[in-house]
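**Q** Quick note, the sequences are listed as chains A, B, C and D, same order. FYI, the numbering for the first sequence is 1 to 101, going by our numbering. FYI, the numbering for the second sequence is 102 to 265, going by our numbering. FYI, the numbering for the third sequence is 266 to 918, going by our numbering. FYI, the numbering for the fourth sequence is 919 to 1269, going by our numbering.
Each hint can be trusted.
In silico lysine-lysine, PhoX-like type, Cα no more than 20 angstroms apart, as pairs: (1) Lys-52(A) / Lys-149(B); (2) Lys-260(B) / Lys-1248(D); (3) Lys-86(A) / Lys-260(B); (4) Lys-628(C) / Lys-791(C).
Quick caveat, the hints were computed from the structure, so don't treat them as lab data.
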Amino acid sequence: MEITLTYYLMLSAFLLCAGLLIVLIKKNAVFVLLGIELMLNAANLNLVAFSKFDPSLDGQIFAIFSVVVAAAEAAIALAILLNIYKTYKSSDLDDLDTLNY
Amino acid sequence: MSSWLIIGFTLVIVVPILYMIFTSNIIRAAYAFTLSLLGLAAIYVLLKAELMAVVQIMIYAGGVVVLLIFGIMLTRRQKGMELVTLHRDVALGAGFCMILYALFVSWIGESGLAFTEELVELNQVKTIGISFLTNHILSFEIIAFLLLVALVGAAFLAKKTDSI
Amino acid sequence: MDTAQTYFLLTILLPLLGGMFTYTIGGKKGINVAVAAMGGGFVMSLILLLSVIDQPWVIRWKWVPGIELGWNIDTTAAVLMSLVSFISLLVHLFSKHYMFGDKAIDRYYGKLGFFTFSMLGLLASDHFLLLFIFWELVGFSSFLLIGFWFDDIQKAQGARKAFMINRVADAGLLIGVILLVVELDVNFISELKEMPFSPMLQLAGFGLMIGAFGKSAQFPFFGWLPKAMAGPTPVSALIHAATMVAAGVYLLFRTQEILTPDVLAVTAFVGGLTALMAAIAALTQFDIKKVLAYSTISQLGYMVMGVGVGAYESSLFHLWTHAFFKAGLFLTAGAVIHYYHHAHHHCHRFDAQDMRNMGGLRKILPVTFIAFLINGMALSGLPFFSGFLSKEGILSGALIWAVGHGNAVGYLVVVMAFVTAALTPFYIGRQILLVFFGESRTVNKPVEGMEPIFSVKLTLLILAVASIWIFSALNPFDGHGWWLGNLLFDDHVMPDTSHQFLLHVTMALSVILVISGLALSYRKYKPDSAVVLRFKTKQRPKGLLGKLSFNAWYIEDIYEKISDGFLNISKTSFQIDKKIIDRSIDLFGVSTVVFAKAMAIVDREIVDGLVNFAAWVSRTIGNAYTKVHAARVQNQLLWLVLFIIVIVLWLQF
Amino acid sequence: MVTFLFFLPFLLGFVVIGVYAERKVAGFIQNRLGPMEVGPVGLLQTIADLLKMLQKEDLRPRAIDQVLFLVAPILIFGSIFTGFAVIPANQEFSGSEISAGVFFLLAIVSLDVLGILMAGWGSNNKYALYGAMRSAAQIVSYEIPLGLSVLAVVMVNQSLDLQEISFLQGMSGKYSSYFLGIPALEVSELGGFLTWNVFTMPVLWIVFIVYFVASLAESNRTPFDLPESESELIGGYHTEYSGFRWGVFMLSEYAMMLLTAILAVILFFGSWNTPFPNMGGFLLAEWTSGPVWGVFWLISKSIVLVFIQMVIRWTYPRLRVDQLMSLSWKYLTPLAILMLFVVGIWKLWLL
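Isolated chain A, as found in the complex:
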């Protein structure tokens, strides 16, 4: 069985859709964060897979950058989450409806 680029792309698409699904259907904010990370990983997989056929390895470099950005994003998101939890005593996204009224 030949493993081609298509295989990785399919896997990446799966990761993306799974992440999107988690973002959409989970009520807990931490879960949503997990979903977002998953989607970022899908992008990374794509980049790395493409860079396998590229001598300059720019794809990998870009993927490393994106991993770093993901780390920064996770830190900020968690800090915000902690503040939200302190304020609302809940990490459920549906409870954050103060602006609705």
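Place chains B, C and D on chain A using the hints.
**A** The following block gives chains B, C and D in isolation, referenced to the frame of chain A:
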């Protein structure tokens, strides 16, 4: 051998993700996510991207996931209540995502991106390191600065006082 | 800094610095420093006098932009400055003995230096504002001196009263100064000249006059001077003899060029009236210092009257002679009091100033007696003493003035002046007889060896000798023969020869009056007379006139009544304010509140109701619309995904 | 696979001896004898304890999260043991040939935080959770000075491959090596301790101290053992474990000690190179080099460091949490950054 390894590690990725979708236990979901990340790192190794794999383990598995688990523990640690989360709009979300996945699959099939030839071995760490400090020096600096700002901001946001 | 400024600054600052040094360092050495500095100041004032004989010194400096202040030291100022320095030096010397042992003596010398500085500054200042500043400084430092024994509540209150009365009169001076500086643009005393009559000028003149009255203790304000006796006796000598009280006379003398005839007339009349009233008050006093205080007021009345009638050079002359003999009288009185303090130091309730307790001091304090006698004679105006000369000038001036104007008020002034001239020897003779003659009425065994020490004796004798005629004028019968007169007033000293007759009349009359006054007092108060014997029982005078005199025309009670009246008025107006005005304002407030409540109901129910209705309508619509785009992140993401799919499909197909 | 075959038995043996040695060292420091009863001078004491431990009942409290509770010790030991995969044992055998070897080692070892958190959470016990949180915070904090100090060595040797770093510290390196970094003192031919990193680059002594302190914290040893401080947290994250599972935790701790010691030896003290230099006719370095000698030198040097770790454990008192954090963030991290800078300048300008 290699193909079967790839398929095996694909399973290591996919099964935990499916578990994540169906479970309502956040902690277990986080560990499942870690497992899939490790699987992804293995895939990277098989893609000859060793540095990327190590970065994946170091930053995602060692950093981001620890942070996430910390977040979960900090937000739910007061009571001994069950750490579960509820689902919402399951049918709608699943429908949309399936449609999207179908579309992706059809596109990928149509696109014909099916390279198979492989590059010669090269010292990836060295290549990437030189690229970082030559072609991508600006991005490198910006990303470093972004990281610094984000960490300082996160520390400021998460500190105990209420003066936000 | 040129020589003039150096001399001047040394003159006025040396006493201040010496006093401050003493106050800071304290102790016996410090006192010597103060006395030495005062001596230096006196020497400097003499040098200053010598250097300004030819040419007056005028020193000007910019104070704030547009306003110049200045000193003006002409011969008059210089003479008076050296006089003040001299008296102050003597007082410094005398106090060394008199105040010996007082625990706050360093503070005393500090205050003394401060007072001397203020007085010298007052004499030297040229600008009216500067004059006012030093005027107030003099008042304040005299308050400090009078209230030196402030832990005695009576003395503290006396100091306060003296100060307050001064303040009332100072308001007049302030008005006058402001009118002069602001309205009439008259800034410098040395540049004064005759001005055309104007109501403003009249008003300013009255203001200055009131200020001078206050400082010189004239008729409505003379209550403060006896109060000021609360201070130490040397202070009384300093304040009453030469310095502070002379400030008023000095002011009038300096500004007489711009005083209108009306002001002068009032000045002359009030001066005469004061002289008479104070002389009468002095008749029945028992306190040795109060007699002298009323006598001072009386003499000041003379001086003020002299300025009023135009005999201002005689006024200044009288100021000069009076400074010496009155200072001498006070200091000798101080010596007497000192003696009684020590003779009765075992008895605390003893009043060392009460003449009814005294008598027979002639043998115990011979030097003091001689000094007192000479000074007393000078005061009473006996020929061959300085007092005769200067008083002669004032009396003749008044007579000439009255004859010149020919109205009833003028003659009234003359009559009052002559009556006073007869009363003066009477009360001073009474004092001498009561204090020095006969036998002691309390101390049976005279305390020997209480004659003051040499420096004090020297002080007393200097002052006594200075009261002999020869130190004022060569001719013992020439009232205008002051040998400083030529220096001070150029050449117009001699009156017209047409009044030669009046001069002779005055002289004869005054000599007769003085001698008869003295004789009368000897007849009434000679030793062992009935009146004197009665004093052992400490009676008070009886009869209307006696009470009036003893209580000094009840002037202080009138002050009390006035202040009570003011208090009552203010209380009444407070009640009116509280009961009527506040009530009406409260009523207005309450009615406003009620009206506002009513308006609030209208506002809330009708105006707000409309707004609320509008808000309700929009909220209802909004709520309905909210259902469509629910504010849930994930719902919106769901819509987002849907639209992505739709767009993708649309692009694809 | 070779790693598996060589290091796993070695590790087990090391733990048995290490526990015994630790007790003896403690006895020596506290001026007593230590275990004396079982076997000659108590040599069999650890074996006896091991047997007792293995026979214990496998206790599982009812309220635990079964999966996490069971997986946690395996994850911890697994991650640490994976770290051994990249360790070169001698010239011949260089472990897994990953070009980012030392980086991989740090990364995979950092996974044991997840295991600790898993154990603490899975136990469903307050003390266990506190211990786990403390431990995670500590390990994450000390990873930074640790990584920076390793980075300094990496800069000196310009390689992430541990085997290459090892070669550079001997006679067979690619580049010439200079004693104390002075080009006049070339020692490439002499070998021995003269070519070790700490001697060719003396600043690395300071870096080594930073590394050593951080590695103590990484392996949760005294004075940084507050995650499991018995007196406060009754054992920390492994409160609820017993028997064999507890033994795995113990094994992980000793494995971590050994791993950090071996890494220190590889990075600073010449890896498997001999300490004896060639001296004229006495070619000591060449006589004492070879595959077997390499393993011997590596292990013996590591055991010296482990001994130092034990001595420190029984000498110093435990730190407070705030002291722990301030030590990491206020002292070690800035010092490591400064040293990185100094080493970089030294490398660029002097060599």
